[in-house]
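S.K.: Based on the sequences and whatever the hints tell you, model everything.
Going down the list, the sequences are from chains A and B.
Per our numbering: the first sequence = residues 1 to 142.
Per our numbering: the second sequence = residues 1 to 84.
Source of the hints: derived by calculation from the structure; they are not laboratory data.
List of simulated lysine-lysine pairs, DSSO-like, C-alpha gap at most 27 Å: (1) A:K105 with B:K38; (2) A:K120 with A:K50; (3) B:K73 with B:K58; (4) B:K35 with A:K105; (5) A:K41 with A:K120.
Where chain B lies over chain A, by a calculated footprint (3+ residues, C-beta under 8 Å): (6) 7 to 15; (7) 60 to 73; (8) 79 to 93.
Every residue, glycine too, gets a C-beta built ideally from N, C-alpha and C.
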Amino acid sequence: MNDVYEINVAKARLRDAYNAGNVDLLLMAFADEFTDMSSGKPSFFGADAKSVFRMRMTNLFEQNQATLIVTIIAIRVFAGAAFDYGWHSLTLTPREGGESTTTRKRYFETWQKTASGEWKINLYIDNVDVAPMMPDADILIQ
Amino acid sequence: MVIEISCEEVWREVSNYLDDEITPELRARMREHFKGCKHCTAVLDGTRNVVRLVGDAKAFVLPAGFSDRLYQKLERKLSKDGRL
Chain A
1 MNDVYEINVA KARLRDAYNA GNVDLLLMAF ADEFTDMSSG KPSFFGADAK SVFRMRMTNL
61 FEQNQATLIV TIIAIRVFAG AAFDYGWHSL TLTPREGGES TTTRKRYFET WQKTASGEWK
121 INLYIDNVDV APMMPDADIL IQ
Chain B
1 MVIEISCEEV WREVSNYLDD EITPELRARM REHFKGCKHC TAVLDGTRNV VRLVGDAKAF
61 VLPAGFSDRL YQKLERKLSK DGRL
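M.R.: Next up, the structure:
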């Protein structure tokens, strides 16, 4: 398997972990120490990031059924490091009833290859997506 | 588990996808990707339309001597770019 394929596999596992609400499987996609710059949340670094992420995801899955759709735009590999970017569309359905909500975010993440050859995410950053549209008129004039 | 695939990989394979010249595994990955990616679905539809148009002889009636002129132009261009 080449590195791009392996990252695709890791990303599919992450997606399936979300959809199964399995925090342990989800955390396996991340390096032991990573940087979490998720939108709307404080940044966390190193081992703290994983602990906070675990708590956040545990609460999320306790309260909601999650459905994640991943769209990877591109993956770039540089020896033992890589990055990918794309969209995450997350639908949350409250377990106690209520309307589902879907949030589409643009994400960027970096990967590191461990000594055992596994790819793990060591930085994650995202922001809320904006629907495609033409640039503002004043920009078009320039 | 259906393995993810990036847009870039999809674009490289979209022609083979239409020609059914890919493995069943890759086909499943691409099919899943199209479900969630409007951009790649547009690329797929566009490519399919082009293939249909080109395959339909009625769509393009080329003027006499067109092929010769095209080859000559290509040769001139490639020579100029140092590719020949």
